[in-house]
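The listed protein sequences correspond, in order, to chains A and B. Following our numbering, the numbering of the first sequence begins with 1 at its first residue and continues without gaps. Following our numbering, the numbering of the second sequence begins with 814 at its first residue and continues without gaps.
Hints may be right or wrong, so weigh each one.
One-sided excerpt, in silico: chain B residues whose CB lies under 10 Å from chain A [claimed, not checked]:
1) Ile819
2) Ala830
3) Arg834
4) Gly867
5) Val905
6) Thr918
Rather than coming from a laboratory, the hints here were simulated on the basis of the structure. Even glycine gets a Cβ: it sits at the ideal position worked out from N, Cα and C.
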Amino acid sequence: MTQNLVVIGAGMASGRAIELLLNQHPHLYHVTLFGAEPRGNYNRIMLSPVLSGEKTYDDIVTHDAAWYAVHNVTCRFGETVTKIDRDRKVVISAGGETPYDKLLIATGSAPFMIPVAGRDLPGVMAYRDLDDTNKMIAVSAKPGGSAVVIGGGLLGLEAAAGLKLRGMNVTVIHIMGHLMERQLDPAAGYLLQRELTSRGIHVHCKGATKAILGHGKVEAVTLEDGTTYPADIVVMAVGIRPEIRLATDAHLEIGRGIVVNDQMVTSDPNILAVGECVEHNKQLFGLVAPLYDQAKVVAKTLAGENAAFQPVQTATKLKVTGCDLFSAGDFAESDTREDIVFRDPSRGVYKRLVIENDKLIGAVMYGDTADGNWFFGLIKDGTGIAPMRDTLIFGPAFQGGTQPDPLAAVAALPPEAEICGCNGICKGKIVTAIAGGARTLDDIRAQTKASSSCGTCTGLVEQVLAVTLGADFVLPTAKPICKCTDLTHEDVRRLIKSQELKSQPAVWQTLGWKTPNGCPTCRPAVNFYLLADWPLEYVDDAQSRFVNERNHANIQKDGTYSVVPRMWGGLTNPRELRAIADAADKYNVPTVKVTGGQRIDLLGVRKEDLPAMWADLNRAGLVSGHAYSKGLRTVKTCVGTDHCRFGTQDSTGLGVKLERRLWGAWTPHKVKLAVSGCPRNCAESTCKDVGIICVDSGFEVGVGGAAGMDLKHTEPLCKVPTEAEAIAVTVAFVQLYRENAKYLDRPYKWLAKVGLPWVQARVVADLTERAALIARFDLSQTIYQKDPWAERSNATAMQAFAPMADLTLEAAE
Amino acid sequence: MNWMDIGAIDDIPLRGARIIRTALGCVALFRTDLNEVFATSDRCPHKGGPLSEGIVHGKSVTCPLHSWVFSLETGQAQGADVGQIATYAVQVSQGRILLDARDLTKRSAA
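Okay, chain A solo, but in the shape it has when bound (with noise of 0.2 Å):
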């Protein structure tokens, strides 16, 4: 005979304890559903793609009204049940009475608002059903919109990234010192926290929000520290509590939660319960998977069937918008156990996993979780890693009885096996180059781009050369900076960032070098790789630079040295020309010269006339020219609508206001620009290192042009429709030069090795990556954008360039 089953709350629990039961006895039971949400059932979990538009409504339905129809299956859906009367065997809704044979209760949780001032202001919200996603939606709509997240767990960043993706400006606010701090440790708390916030997510880490403000409707929310943050919408995220009420007020076995033994059945043996209500061995549950495993329980329990609720661990593998992150089982520090950890913070990656008796018993993972469900597993099997210790932190591909060989790995990968993420090139298509006749590195990366971007797969793309060539092939050793280290340039920027290293003996002591304090091929090149990491910390060494960068002047054959005025965007005036007359005549300057940068180069000055030269030009406002630099040389115009009649913009005012943005800067190489108003191109913007060439509609942005030893057009970075864009591209592309080439590669030869996409992908697409370089730019321009003549034309100054001491009076008395 039919029962009667009445089910209490359409989630995603019961929604699958109804699924499996049907399917397999589904004549057992008539099922009434009751639903507070006046929908179905649906995939809760994916609410934060709808939130961020990647999905809609219809998407994450899992049971549709056609499949309840099919089972039979009552729906009372936005009818809320108010009492169970456990006597009568009834439930109590707006409908009337229900009776029921078997009650499966299915409340879920209920969010936590915590009690402040202004809790109840209408734009305050949870996070929970679609109701609330959709209010979110509604909200940002509204352009240049704020939104406040209170609470950095999963719940709390996957609003904040959905709210980001709808445009609203967002903080999240957390009461923790790093965010998700039951999931992650610190280490990866402050790498996710950097990554949200380059995405242009605000984190505000130990705050404690104090009231929520606003007249009618949310304004701001402040904190006990006294931060404001302005807010049209306020979510909390801090955490859910079982719903209760119903059992509570039926006189159940209530805890924390519903209490249910291992068949699910609770305190009254004709009613079960499942989800995130529930208590289980005093413990709650709110990931998925344990309330999937409690479902087939209640299934097997109403069918009569033996079955008991085991938990096990639960691994936590998500997404929060891109960024990849695992954690699974105690990550506690303690005595008795012990770390292994993995940094690559360059890369973004962390791993840590934790010891306890040679076991592994905790696992976090951050930026690379290709290795999770491995670890997970080992922590779910209990198994000794003592063996395997050495590499455990490797994974599963450096496991075994042998040593690990990269090679056979690579051999045994199929051809379908990515190799170069950046291009998504396979291993297939890098053996079918070879077999066509590539035998280097070069030959793959011309015909096939793998390994030409970011180039971290440029092992792996040699030890596919290796297994596919075998004796032919033979791997290129990399190239030290010099005699002082076996490691190249990119290995020494890496590290610097990496280990944070900030002086240059830390890069000595910390990276081996194995002479006291370099040479003059690394010192230059270290030096440089400080102060562009670490404009703040470093302070630049005069004494690790070239002659010409510590003198600010060029030296000349004869020991004499040159001086080169900056002219802005080429212009200069009646005022400039007589100081620099007048300073030629003082000074006795035996050449005067126009450079090929539209600069005049005074040559022949003597080193200890310097300083008095500097003093007498800067006082007709003219400073250093810095054609002596790896730096801003000159930014080379036309004139332009000033006076052309071709010019399509303003080539001149650009080309001052590019000048007047990026001297200063220091680069790995010299950086020379120009801005043509026409394609006529007067300015031969085409062989620069970032060359502007004015259009009708906008303007044309090359870059890695060259006319020295080697001569090469540019290539075209972007069209933009206006000024104030070309200064941003211009400005973000010198950046991202400074903080990824070597030293003393032009910017051709360095966009030779990385490949303009990987470029353009940074300064043009990622808009947020775009202004991180910028705003990156412009701090370290608060320390070097300053004049070296004004801040040498002193009596100190002059008294340094002076010699030391002159005998030669001496031995005339």
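Got chain A sorted already, so can you dock chain B onto it with the hints?
Here is chain B on its own, set in the frame of chain A:
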């Protein structure tokens, strides 16, 4: 010996150099990373480059014009280059640089 006080060691930048004018031409005073001071001729025998403007590394200096490297102790050119620069006795006492000026104060005609 005729020790002459030339100035304070701190007048020379660390891993840097200054010059003094003498009857025999300019002499370069180098200060190494370890606060040793060396005195040599300032003139590179190759093309006359001012060695005091070179980068000081270890107990060597590299000429700024064409990168010849000289030992500050012996004055010998290093590596493949062949050449020699004059070296002069110098010592540091209580932060002052003392140079043996016997040869340097002689008239060049002497």
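Do the hints match the structure? See the list:
no., hint, result
1, Ile819, "holds (5 Å)"
2, Ala830, "holds (9 Å)"
3, Arg834, "holds (4 Å)"
4, Gly867, "holds (7 Å)"
5, Val905, "violated (14 Å)"
6, Thr918, "holds (5 Å)"
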